[in-house]
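Engineer: Okay, here's what each chain looks like letter by letter:
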Amino acid sequence: MSTTIDPERHAMGVSMKRKEDPRFIRGRGNYLDDHSMPGMLHLALVHSPYPHARIVKIDKTAALAVPGVVAVLTGEDLAAHGLAWIPTFHGYDKQMVLCVGKALYQYQEVAGVIATSRDAAHDGAELVDVTYEPLTPVVDPFVSLQDATLVREDREAKTNHIYHWEVGKRDETDAALAAADVHINERIVFQRCHPAPLEPCGVIADMNPGTGRLTLILTSQAPHAHRTVVSLVTGIPEDKIRIIAPDLGGGFGNKVPVYAGYVVAAAASVVLGVPVKWVETRTENLTCTGFARDYHMDVEIGATKDGRVTALKVKTVADHGAFDAAADPTKYPAGLFGIVTGSYDFPTAFTELDAYFTNKAPGGVAYRCSFRVTEASYAIERAMDILAGRLKLDPSELRLKNFVRKDQFPYPSPLGFVYDSGDYHTTLQKALDKIGYTELRKEQAEKRKRGELMGIGISTFTEAVGAGPSKHFDIMGIKMFDSAEIRVHPTGSAILRTGTKSQGQGHETTWAQIAAEELGLDPQNILVEEGDTDTAPYGLGTYASRSTPVAGAAIAMAARRIREKARIIAAHLLEAPLDDVEWSKHAFNVVGIPEKSITMQQVAFAAYTNPAPDSEPGLEATFYYDPPNLTFPYGAYIAVVDVDKETGYVKVRTFLAIDDCGTVINPMIVEGQIHGGLAEGFAIAFMQEIVYDENGNNLNTNFTDYLVPTSLETPHWDTDSTCTPSPHHPIGAKGVGESPNVGSPAAFVNAVMDALSPLGIEHIDMPLTREKVWTAIQAAQK
Amino acid sequence: MFPAAFDYHRAGSVDEAVALLKQYGGDARILAGGQSLIPAMRYRLARPAVLIDINPVADLGYIREGDGMLVLGALARDAALERVPGLHDRHPLIAEVSAVVADPVVRQMGTVVGSLCHNDPAGDWAVAALASRAQVVVRGAAGTRVVAIDDFLVDSFTTAVADGEMALEVRFPAPSGRTAGCYQKIERKVGDFATASAAVWASLAADGTFAEVGIAVGAAGPTAKRITAAEALLRGKKPTRDLLRAAADEAAKAADPSADGRGSVAYKKAMAGVLVGRALDGTCKRLGIEAL
Amino acid sequence: MTITVTVNGTKYVRDVEPRTLLAYFLRESLGLTGTHIGCDSSSCGVCVVVIDGDRAVKSCTMFAVQADGREIMTVEGLAAGATLHPLQQAFWDQHGLQCGYCTPGMLMTSYALLGKNPDPSEAEIREGLSGNLCRCTGYQNIVKAVQQAAATIGAEAAAVPEPVAS
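Protein chains in written order, with this note's numbering: chain R, 1 to 782; chain E, 783 to 1074; chain Z, 1075 to 1240.
For reference, chain R alone in the conformation it holds in the complex (with noise of 0.2 Å):
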């Protein structure tokens, strides 16, 4: 491999195969559970078959008795610990590691069996023997915020209403409602659903006593973040603590919380002086890790006849579960809702939210979400459908009139965010253009005539990723920088570490090229590492679609950092003052004289072997990087389906998706991330959902009744793209892993509705099961 680069050859925007894949393709990926410590042994969790009931009593005895079995350790133990309460990372409730006194969900983990095999621990779970006695669940937000039942008997307010919050301008924005020409309100539902990664969570804890330290390997997105969490939690210092993030197989969220059977393997190892390994079911994994959305929205917007908007009003109920555990930075309880005035310009908006406890499962924030995008953006592109409707106007039309214009940029939002940049239109027409839509409608108004349901659905989202700026964004304290250390070597390779944690999303890969691109090296030789919390400088972690806004940034900077003390020593090796010495075509050269020419190949040897006078030897720089703003990827998706009226199935016969992410690092690994992003949206619009029936009873609880959609049902999926950089960016890269599950489901559920809207059907909430079209479709013929 040549350590040389053709200057003219560029690293950025190059579909270079991932440099990660050797190892997966080989079987030799390093997940959690391919790791192995000696004397190693193992952890079950025992859960509680109840929603909601008093323990009164867990007889360890039978369990104990079995061969291989050697602690059992409940609530009350690690209450010993001080470790029978955790904060949650939102940083306002805290929640039970272990039942304490009460369970508060189904499945919620009632006890933990730590056993030299696998088998024995599971065999001693099933022998753990609780007294139960069951109480009234809440199962219902809308039954939970009348309070006859309370769900959290150990907080200060005895109330089940967790917090109420809002943003905008309530009496304008009623007030223009009230004066509108044309009012709509529709009570529009997220479903809970769930990001299930392949990949379970788990762990392994080893509190060594020969070092002292305490080493989790942990399915964790955010190693650092929890680093501390663990330690202010434990009162181990951190130094004394390393957690190692190894290959994740897939997170989409789901391995950001803190889990039950982490903090009790810990604290097993603890007690027992050895690693204890902790992997969760697929049972486990869908019933106790946090779920995602369950929002109930009531969107009303004001419009003059002619289609302009005038107002948006949004009011939610948040089903939180048992917990507060909704992963979200400290200012922001409903995350990033506020980006629900979308694409469009209101002249006034105001959101409100309250959120509730029930006994179910805690999270709320995950499932490529970017901070409850997914509801809002769901929210406002359901609504401006069904706005359109009302008026009798093309859905493409009524968005054109009313986006927000690419003079507008940066766009100062009603709810309080300042949009980087976007050409709207410009998107939004392209994705017309490229589907043939006149074709489209033409054809639709003849199947029309036949009875035939064919629908089309747009959905033009703008979303806010990069989580963010200090001056508003912390999570438990921790403002949401991010960081790059880069160290070049004397032979021109180099070794960069992040803050963040790929699952899937190609970091090894993508960081690398930014690197290389600003220092003239080879992508080939710049090695990514991740997740060693000893080795990587701190960082809030993969999450969000933070890390190329936040992240890609630090890379650059810090290349830039070193590009710098590179060019002191080009001007060293070169003799040339400092000033006449410029970086152009990936190489250092003397302005006016272009022979006097120098590689960062060789700027590195010397950097080593012939360092410049008053300056250090080396070639290496960190940098932690705090966004001005965020980000605001967008673009224009649209649908086309058939409906069989006969059985409600939908058949998806066209994707088109448009992405807008700004600078785009590599071609291949954002057309791989909106595939997979549309297959989780079609998921949720069509087939996914958590449900809790009125006993509190999980329905969903492995993959036969949680449903993943396979290559048969998953459509083809056609993508293309514009390109609006970020102004604020230092290389106008934006971030796009969570867009198209921002943006998939309005599109598929806009293109059923417009399907079905001869029949006069306004909407129905996801997932469109063929039962649900099917029931609509009965009742409106009747």
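Don't take each hint at face value.
[What the hints assert, rightly or not] Straight-line alpha carbon distances no greater than 16 Å define the calculated EDC-like cross-link-like pairs of lysine to aspartate or glutamate that follow:
{"no.": "1", "chain 1": "R", "residue 1": "Lys305", "chain 2": "R", "residue 2": "Asp423"}
{"no.": "2", "chain 1": "E", "residue 1": "Lys804", "chain 2": "E", "residue 2": "Glu947"}
{"no.": "3", "chain 1": "R", "residue 1": "Lys406", "chain 2": "R", "residue 2": "Asp345"}
{"no.": "4", "chain 1": "Z", "residue 1": "Lys1218", "chain 2": "Z", "residue 2": "Asp1167"}
{"no.": "5", "chain 1": "Z", "residue 1": "Lys1218", "chain 2": "R", "residue 2": "Asp718"}
{"no.": "6", "chain 1": "R", "residue 1": "Lys772", "chain 2": "E", "residue 2": "Asp1042"}
{"no.": "7", "chain 1": "Z", "residue 1": "Lys1190", "chain 2": "E", "residue 2": "Glu864"}
{"no.": "8", "chain 1": "R", "residue 1": "Lys651", "chain 2": "E", "residue 2": "Glu864"}
{"no.": "9", "chain 1": "E", "residue 1": "Lys1067", "chain 2": "E", "residue 2": "Asp871"}
{"no.": "10", "chain 1": "R", "residue 1": "Lys315", "chain 2": "R", "residue 2": "Asp181"}
{"no.": "11", "chain 1": "R", "residue 1": "Lys585", "chain 2": "R", "residue 2": "Asp614"}
{"no.": "12", "chain 1": "R", "residue 1": "Lys772", "chain 2": "R", "residue 2": "Glu689"}
{"no.": "13", "chain 1": "R", "residue 1": "Lys401", "chain 2": "R", "residue 2": "Asp306"}
{"no.": "14", "chain 1": "R", "residue 1": "Lys782", "chain 2": "R", "residue 2": "Glu646"}
{"no.": "15", "chain 1": "R", "residue 1": "Lys392", "chain 2": "R", "residue 2": "Glu762"}
{"no.": "16", "chain 1": "R", "residue 1": "Lys17", "chain 2": "Z", "residue 2": "Asp1167"}
{"no.": "17", "chain 1": "R", "residue 1": "Lys169", "chain 2": "R", "residue 2": "Asp306"}
{"no.": "18", "chain 1": "R", "residue 1": "Lys19", "chain 2": "Z", "residue 2": "Glu1145"}
{"no.": "19", "chain 1": "Z", "residue 1": "Lys1085", "chain 2": "Z", "residue 2": "Glu1145"}
{"no.": "20", "chain 1": "R", "residue 1": "Lys596", "chain 2": "R", "residue 2": "Asp614"}
{"no.": "21", "chain 1": "R", "residue 1": "Lys772", "chain 2": "E", "residue 2": "Glu864"}
Worth flagging that the hints you see were computed from the coordinates, not collected in a lab. Note that the structure is a prediction, hence the values are computed from the model and not measured.
Dock chains E and Z against chain R, hints included.
Structural biologist: Okay, now just chains E and Z, sitting in the frame of chain R:
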């Protein structure tokens, strides 16, 4: 999830299997494909004390055609049917079912006989077996008996196979003359059990009337259900649009599903009718007749 | 009980409990961690291995004792030393993986699929892979990868000269 402990025995022959079944009685389960049993054991919903593995029994995976029958041995895998040349022409109903049971990997191990013995109310093979008027050969210590499929399927997860017995083969009638069938299934995704399913099997007499008709629905009761009223409507008659619709309506009426995550009672009943209608249409098309 | 299993051409003799699932045997007794575990209900397919040369099987739905005397190929057996199998190369070329967790299962199912159907259509590929779930890729590039591998294997087979009759 991890199964509870059990004792494991291999049977090298059917006689050995039967002897082991006699020895262990109700504590023992046969392990053939294992694609229903093992998941149940992982959840500890099934906890047999003894597993008798019949996979080592040689020549139990046969698929034989002849003597007016298609016969499948106890170890005939779903996927093996997909590889029988021309099966779709001779036995379209069977071929169609074999392509939609579970998923393509599970089908490599899953067996037709095993599926019948498991008798999940939403299983596919029971529906096709009913429509085809299949028979199951059962062997115990006392000897062999042939059980008509209507008698074989007793209740959810319950068949005529008694303790100490095992099913040896299933026989699908294959009379000469014009016969055809069709399977229709609604599943939310590949690998899901049926939300609703329907199997039709019919033979035509020389005068173009239905000589024999089998109509069954799945996920429509404790076990797959024969729609005798629909069969009676069609037997001896020429197919007409109205007759086929009436038969489909009978299916919707007779269907007795339970509500679950896959659908409400109303939806499943309606779909039973829709799918019987489509299966009838498909069968007529394959018979080369048009319903007027 | 003692079982003898040949995995990727190597014979192993091991003691196992009857209840040990094949997937865990491969991972923990033999240290072949390329085969993964992702669900409890035989739905996800990350555990797929190939038995007796050509049959894809979900190794979480089979006991290790059932593999006694059999030949198994796991993802670790696909490459010939440093030379990748055309499927592995194709998954890499076509960006058919992101987190990599479903990849071994996808590779083994594809291997068996191409063994039976060397020139599958897109519909046949999608149908053939419908027992394997992926959360990251949306399947599209996986399909492209299998198509590339089919073409490569087909071209290689066509390039092999017919043996001269002796």
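Engineer: Take the hints in turn and mark each one as holding or not.
Structural biologist: Taking the hints in turn, this is what the structure says about them:
| no. | hint | verdict |
| --- | --- | --- |
| 1 | R:Lys305 x R:Asp423 | violated, 26 Å |
| 2 | E:Lys804 x E:Glu947 | holds, 8 Å |
| 3 | R:Lys406 x R:Asp345 | holds, 11 Å |
| 4 | Z:Lys1218 x Z:Asp1167 | holds, 10 Å |
| 5 | Z:Lys1218 x R:Asp718 | holds, 14 Å |
| 6 | R:Lys772 x E:Asp1042 | holds, 14 Å |
| 7 | Z:Lys1190 x E:Glu864 | holds, 11 Å |
| 8 | R:Lys651 x E:Glu864 | violated, 26 Å |
| 9 | E:Lys1067 x E:Asp871 | holds, 13 Å |
| 10 | R:Lys315 x R:Asp181 | violated, 21 Å |
| 11 | R:Lys585 x R:Asp614 | violated, 27 Å |
| 12 | R:Lys772 x R:Glu689 | holds, 13 Å |
| 13 | R:Lys401 x R:Asp306 | holds, 10 Å |
| 14 | R:Lys782 x R:Glu646 | holds, 14 Å |
| 15 | R:Lys392 x R:Glu762 | holds, 13 Å |
| 16 | R:Lys17 x Z:Asp1167 | holds, 7 Å |
| 17 | R:Lys169 x R:Asp306 | violated, 24 Å |
| 18 | R:Lys19 x Z:Glu1145 | violated, 32 Å |
| 19 | Z:Lys1085 x Z:Glu1145 | holds, 9 Å |
| 20 | R:Lys596 x R:Asp614 | violated, 23 Å |
| 21 | R:Lys772 x E:Glu864 | violated, 34 Å |
The structure fails to meet hints 1, 8, 10, 11, 17, 18, 20, 21 from the earlier list, while all remaining hints are met.
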